[in-house]
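Enquirer: Note that the protein sequences, when read in sequence, are chains A and B.
The opening position of the first sequence corresponds to residue 1 in my numbering, with each subsequent residue numbered one higher.
The opening position of the second sequence corresponds to residue 1 in my numbering, with each subsequent residue numbered one higher.
Among the hints, a few may not be true.
Said to hold, decoys possible - So the derived label-pair ranges between C-beta atoms look like this: (1) A:Ile183 <-> B:Arg16: 58 to 64 Å; (2) A:Ser265 <-> B:Gln150: 48 to 54 Å; (3) A:Met1 <-> B:Thr218: 50 to 56 Å; (4) A:Thr171 <-> B:Asp104: 53 to 59 Å; (5) A:Pro245 <-> B:Pro127: 50 to 56 Å; (6) B:Pro87 <-> A:Phe4: 18 to 24 Å; (7) A:Thr171 <-> B:Pro87: 47 to 53 Å; (8) B:Asp68 <-> A:Ala182: 32 to 38 Å; (9) B:Arg85 <-> A:Val43: 54 to 60 Å; (10) A:Ile183 <-> B:Arg231: 50 to 56 Å; (11) A:Tyr53 <-> B:Arg89: 57 to 63 Å; (12) A:Leu175 <-> B:Pro87: 44 to 50 Å; (13) A:Leu292 <-> B:Arg231: 32 to 38 Å; (14) A:Trp17 <-> B:Asp215: 43 to 49 Å.
To be verified - Quick list of in silico lysine to any residue cross-link-like pairs, SDA-like style, CA-CA up to 20 Å: (15) B:Lys153 <-> A:Ala20; (16) B:Lys132 <-> A:Ser10; (17) A:Lys129 <-> A:Glu85; (18) B:Lys106 <-> A:Leu197; (19) A:Lys57 <-> A:Arg137.
Said to hold, decoys possible - Covered stretches of chain A (chain B as the covering partner; in silico rule of three or more C-beta atoms under 8 Å from a C-beta of chain B): (20) 6-20; (21) 193-204; (22) 212-220.
Just so you know, these hints were derived from the structure itself, not from any lab.
Beta carbons: idealized from backbone N, C-alpha and C, even for Gly.
Chain by chain, the residues run as shown.
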Amino acid sequence: MFSFLFFSVSRAWQGFWRNAAMSLAATATMTLMLLLLASFWIVQAGFLASLSYVEDKVGVVADLEDDARQADLADLQARLGTMPEVRSVEYVSKAEALRRYREERLAQGQRDLTQYLAENPLPASLEVKLRTPEDYRTVASFLGAESVVAKVQNIEDTTDRLVSLTSFLRTFGVLLLAVIGAIVLFIVINTIRLAVLGRAEEIEVMRLVGASDAFIRWPFVFEGALVGLLGAALSLGVLMGAAEPLSQFMVGFFQILPINVGSISRDVTLLVVGAGTGLGVVGAWVSVRTYLIR
Amino acid sequence: MFQPERNGGPKLAPRRHVLVLNDVTKTYPNGRDALKDVDLVVPEGDFVFLVGASGAGKSTLMKLLIRDELATRGTVLLDGDDLARLPRRRVPHVRRKIGIVFQDFKLLPTKNVRENIAFALEVTGTPRRRVKPAVQRVLALVGLTDHAEQYPKQLSGGEQQRTAIARALVHDPRIIIADEPTGNLDPLISWEILQLLLRINELGVTVLMATHDADIVTALRKRVVALEEGRIIRDEVGGGYHRGG
Chain A
1 MFSFLFFSVS RAWQGFWRNA AMSLAATATM TLMLLLLASF WIVQAGFLAS
51 LSYVEDKVGV VADLEDDARQ ADLADLQARL GTMPEVRSVE YVSKAEALRR
101 YREERLAQGQ RDLTQYLAEN PLPASLEVKL RTPEDYRTVA SFLGAESVVA
151 KVQNIEDTTD RLVSLTSFLR TFGVLLLAVI GAIVLFIVIN TIRLAVLGRA
201 EEIEVMRLVG ASDAFIRWPF VFEGALVGLL GAALSLGVLM GAAEPLSQFM
251 VGFFQILPIN VGSISRDVTL LVVGAGTGLG VVGAWVSVRT YLIR
Chain B
1 MFQPERNGGP KLAPRRHVLV LNDVTKTYPN GRDALKDVDL VVPEGDFVFL
51 VGASGAGKST LMKLLIRDEL ATRGTVLLDG DDLARLPRRR VPHVRRKIGI
101 VFQDFKLLPT KNVRENIAFA LEVTGTPRRR VKPAVQRVLA LVGLTDHAEQ
151 YPKQLSGGEQ QRTAIARALV HDPRIIIADE PTGNLDPLIS WEILQLLLRI
201 NELGVTVLMA THDADIVTAL RKRVVALEEG RIIRDEVGGG YHRGG
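Only chain A is shown next, with the shape it has when bound in the complex (with noise of 0.2 Å):
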């Protein structure tokens, strides 16, 4: 067993270089399609963060009676706690209403008029966000029905607008790698199988001279593993490369979203050499079965 592995690993050693020019245009293929993949897998992942950020601005707010009983209010407040639809509830005082409102108005560059003002105007309410935009209406209809609820604020169809925008573009973007995935599969494949087509005259002879099935296949199928590992390798080493000026010139955009820059280059790095490493087996494999079938 170990014999058959030294004898496989080297072969395909062997093989890989002294068929140095297909062996580098597959894996030059390979690097590409790599490249490919992992640029589409990050834009995916940002354009995913977006979203989820944009969604997340959705939420009920409900105006509150200003005579509204504090028991009343914990009551309401603890019953959204308990809805599956809600992620969480804030209560804003009418004071922190206030202290709002002067805070954007002074953020805008406008003058503050509300100091002119007897007394604080702004209703004290309830701010709910939701686990996803399509809840909307539930939550909205739940609050209208309440006494302590002087009024729901109405953004049913900017919501719409939004959930049937972003289920769209969630889609697309899913389409779009598979896409990209099933040409990376075909591209990577058949250049495998042009290598392993040069070399026929080589597993024909070994078929000729008795070698079993796996004798002639584990050696391509190692060779395939690895080119995919040197194309993973060489893909990171680009990504790496162009990761540092690519994330400065991206900070602004970045920074503002809830994304995780350490889990996509994880995710990432799983899915260059997890691809790389599949494509080069799955590629040599099928291209070496064509000749074993008779």
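On the provided structure of chain A, position chain B as indicated by the hints.
Expert: Relative to the frame of chain A, chain B by itself:
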């Protein structure tokens, strides 16, 4: 190395049959009968010429022997194994009992002579320590010891064919199947290759050689099996290339 008794001594009568074809017919999917009702028995140690025009069925017969194709009807026994009933995973083991030599040599251009020969042992899982001495022996037998490090493109046609014969022999096969081994060589070199095959035959290896070379067949007076349109039309010992030749 080429002792008639192997695998711990003779199992059967001294002249056992390496090859038996019994009523073999091969019909290709297009309906053409490449072989019809072929009966052929080759005892161990025979030297057999297989002659016939192109399309007479020589290549099909060879493909049946190495189990590249299966007979449509009839049985093919190689060293006692019924090729039609052989499980797929056993096919490589049977092929190791056959040494195959082709008109176009089929040497790997990226390997030198020694590596080309050793390749046949390596890909069949022979332990490394046994590879080197076996390769040395066949190199000496075909007279290529001095050319061991050269690559096929540095060799003459005759030397390339000798390399191919060495590769076919390195497994210690029971039978050498040579498909037009002199087809690409000039007459003088052809004779050299024939001398080599005769010597191997004298060492006890059965040889089945398909050829178009009438001079060689007629001069050697060995057993001749003639095929025409898929049938054996002549099978005689000491015959010429042509009937009564």
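Enquirer: Hints first: check each against the structure and report whether it holds.
Expert: Hints, verified against the model:
For Ile183 (chain A) paired with Arg16 (chain B), a C-beta distance near 59 Å keeps the hint of 58 to 64 Å intact. About 52 Å separates the C-beta atoms of Ser265 (chain A) and Gln150 (chain B), a value consistent with the hinted range of 48 to 54 Å. For Met1 (chain A) paired with Thr218 (chain B), a C-beta distance near 54 Å keeps the hint of 50 to 56 Å intact. Look at Thr171 (chain A) against Asp104 (chain B): about 56 Å separates their beta carbons, and that is inside 53 to 59 Å.
A hinted range of 50 to 56 Å holds for the C-beta pair Pro245 (chain A) and Pro127 (chain B), which are about 55 Å apart. For Pro87 (chain B) and Phe4 (chain A), the hinted distance range of 18 to 24 Å is satisfied, since their beta carbons lie about 20 Å from each other. At about 50 Å, the beta-carbon gap between Thr171 (chain A) and Pro87 (chain B) stays in the expected band of 47 to 53 Å. As the Cβ distance of Asp68 (chain B) to Ala182 (chain A) is approximately 36 Å, the hint placing it in 32 to 38 Å holds.
Checked against the hint of 54 to 60 Å, the pair Arg85 (chain B) and Val43 (chain A) passes, with Cβ atoms roughly 58 Å apart. A beta carbon spacing of about 55 Å between Ile183 (chain A) and Arg231 (chain B) agrees with the range 50 to 56 Å that was offered as a hint. Between Tyr53 (chain A) and Arg89 (chain B) the C-beta distance comes to about 58 Å, which sits within the given range of 57 to 63 Å. Taken as a hint, the range 44 to 50 Å holds for the pair Leu175 (chain A) and Pro87 (chain B), whose Cβ atoms sit roughly 46 Å apart.
In this structure the hint that Leu292 (chain A) and Arg231 (chain B) lie 32 to 38 Å apart at CB holds, the actual value being about 33 Å. Distance hint check for Trp17 (chain A) and Asp215 (chain B): the Cβ-Cβ separation is about 45 Å, which falls inside the suggested range of 43 to 49 Å. This hinted pair checks out: Lys153 (chain B) and Ala20 (chain A) have alpha carbons roughly 19 Å apart, not beyond 20 Å. Taken as a hint, the Lys132 (chain B) and Ser10 (chain A) pair is honoured in the structure, with Cα atoms around 17 Å apart against an allowance of 20 Å.
Note on Lys129 (chain A) and Glu85 (chain A): the hinted pairing holds, with a Cα-Cα distance of about 9 Å set against a maximum of 20 Å. Using a Cα cut-off of 20 Å, the hinted pair Lys106 (chain B) and Leu197 (chain A) holds, with the two alpha carbons roughly 16 Å apart. With a C-alpha separation of about 15 Å, the suggested pairing of Lys57 (chain A) with Arg137 (chain A) holds against the 20 Å cut-off. Using a Cβ-Cβ cut-off of 8 Å, 4 residues of the segment 6-20 of chain A lie near chain B, which meets the minimum of three, so the contact claim holds.
Coverage of a stretch by a chain is defined here by at least three residues with a beta carbon nearer than 8 Å to that chain's beta carbons; for the segment 193-204 of chain A and chain B the count is 3, and the condition holds. For a cut-off of 8 Å, the count of residues in the segment 212-220 of chain A with a CB near a CB of chain B stands at 4, and the three-residue condition holds.
Violated hints: none; the structure is consistent with every hint.
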